[in-house]
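Q: In case you want the letters, here they are:
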Amino acid sequence: MKTSQNKQASMKEAIASSLRSGDSLVIEGFTHLIGFAAGHEIIRQKIKRLKAIRLTPDLVYDQMIEAGIVSELIFSWAGNPGVGSLHAIRRRTEARYGKPKLKLDEYSHFGMLGRLMAGSAGLPFWTLRNFSGTDLPRNSNIKSVECPYTGEVLATVPAIHPDLAIIHVQKADRMGNAQVWGLMGTQKESAFAAKKVIIVAEEIVESSEIRKDPNRTLIPGVVVDFVVHEPWGAHPSYAQGYYDRDNDFYIQWDEISRDPETYQKWLNEFVYSVSDRREYMQKMGTNLMEKIKADARYCQGVNYGF
Amino acid sequence: MDSKLSASEKMVFRASLELTNEDVVFVGIGLPNLACNLARQTHAPDLFMIYESGAVGAVPDRLPVSIGDPCLVTGAISVVSQSDIFHGFLQRGNIQVGFLGGAQIDRYGNINTTVVGDYDQPQVRLPGSGGACEIATHSEKILIVMKMSPRSFVKECDFVTSPGHRYQGKTRKELGLPGGGPSKVITDLGVCDFIEGEMTLTEIYPGVKEEDVQKACGWDLKISDSLKEIELPSSQILTLLRDELDPQRLYLK
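These protein sequence lines map, in sequence, to chains V and H. Here the numbering used here is used: the first residue of the first sequence is 1, the next is one more, and so on. Here the numbering used here is used: the first residue of the second sequence is 1001, the next is one more, and so on.
FYI, nobody ran anything at the bench for these hints, they're computed from the structure. Please read these numbers as outputs of a predicted model, since none were measured by experiment. Ideal Cβ positions, reconstructed from N, Cα and C, are used throughout, including at glycine. Accuracy of the hints is not assured; some may be wrong.
[As the list claims (entries may be wrong)] Estimated spans, in silico, between C-beta atoms of each pair:
#1 Gly1180/H with Lys103/V: 31 to 39 Å
#2 Val222/V with Gly1088/H: 52 to 60 Å
#3 Pro148/V with Val1124/H: 39 to 47 Å
Build the full structure now, drawing on both the sequences and the hints.
A: The following block contains the structure:
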């Protein structure tokens, strides 16, 4: 059923049908293909008490946290890459702001990857040679196991099965067969680990086009529930071959997010008072699209014949 | 061009000299990124750069603001998943040089990038490990680039995020840590080696006195009997750094 069904829906429908208050959610994409359009729609739908899972919360989770819809963060690096802090997270965790208002479940990248690997492989835990000589195991989810073959003691992290994974991709067909090129992060593991999957694509194409280049398909439609067509949906993150990372935005964000008042003003203007990504991009202005539109660097392709 | 040499410029140049043409290096954000790209444009054109985002053999033609910048993909040798990065490249022992920095470091090279103060109610919530813990665990050697001050060179880290040479009295071997651990700390005052696992000042910049370095360190720093003077970047190197590698001065503050 899941392989031939047309799963295309609007962002509104896809989110409303697959995410409930109290759910765990992963929006993966390491710097590349971060699902900002999806994050903003979740804020607009006021789906609350979320357990937000991501290696790098990035601006998207910081915005969801400032909007008050996240109760727990499961993560490994909470910064604005190359710039500095994520201020909503700092304001909810540092002593000077009173009691912590955000529960943290913290690992390293390898530890987070391990949790998603175990989830995606259908195993209860993942083993890794890591965390020894550090304070990270004060997180009681990090345990150890003795190797039955060598006797070596290895670290373990438990499998994670997010209620929903949202994965932004460059191309997909209506059944959710999704192609990604450039940085691939932990998207595949997240999709296989999750109970439900929404694919958000820059471009919807016919299945015949996907079949021309099967090695490029990172996530098969078999595990996908909804497909959303959302051009520019990753801004200010990027989509290789479509548009560049808006580095200026990430740099300016530090100033906007430092003060709760300017932060809320930004959320009001660019999240609450727009109805969807199309309006968001209109508000950002046509100059932006011109500025970040990708140059052409096509590869020649390969011979799949036999 | 402002001819005054900044602390970051000194550190980036000194760090670049540690890299050879044959190294496979795991590159981090900020100054390490600049040091690697400087080395690639000067004495180590074949330096093989791997970024934790999955870019392998990257040849960026602009300064990547983040370690996941699209310019790391264009022209790279390979682009892999993060599973391949952490399993195949790091845990399997295929990284020679790893770069780290942090908010706090102790005499054994343990690094804190997690919190200042108590973990549950910190004074400052820092970003956390990212890939730093596994880089410090598995790389053959670690280069640390940090400005020196008593606030950052501390007797004891508030939190150990990345393992150095000794933790709770145990050596790396006793802890089962496979990589070689910290090899050098490159600061704005001098350079330290690790002798029997303890940070020892071995090189100093011209015009800096031993007591300046001691004052900037939160413990009684070991100082080598034969201190070497550190070479400063030439004007050509500075032009390359300022005009080509970081024209917006994002990191060369």
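Q: Against this structure, judge whether each hint is valid.
A: We went through each hint and held it up to the structure:
1. Gly1180/H with Lys103/V: 31 to 39 Å: holds (37 Å)
2. Val222/V with Gly1088/H: 52 to 60 Å: Cβ of Val222/V to Cβ of Gly1088/H: about 26 Å, so the range 52 to 60 Å is violated.
3. Pro148/V with Val1124/H: 39 to 47 Å: The hint (39 to 47 Å, Cβ to Cβ) holds, given that Pro148/V and Val1124/H are roughly 43 Å apart.
The structure is inconsistent with hint 2 alone, although it conforms to all the rest.
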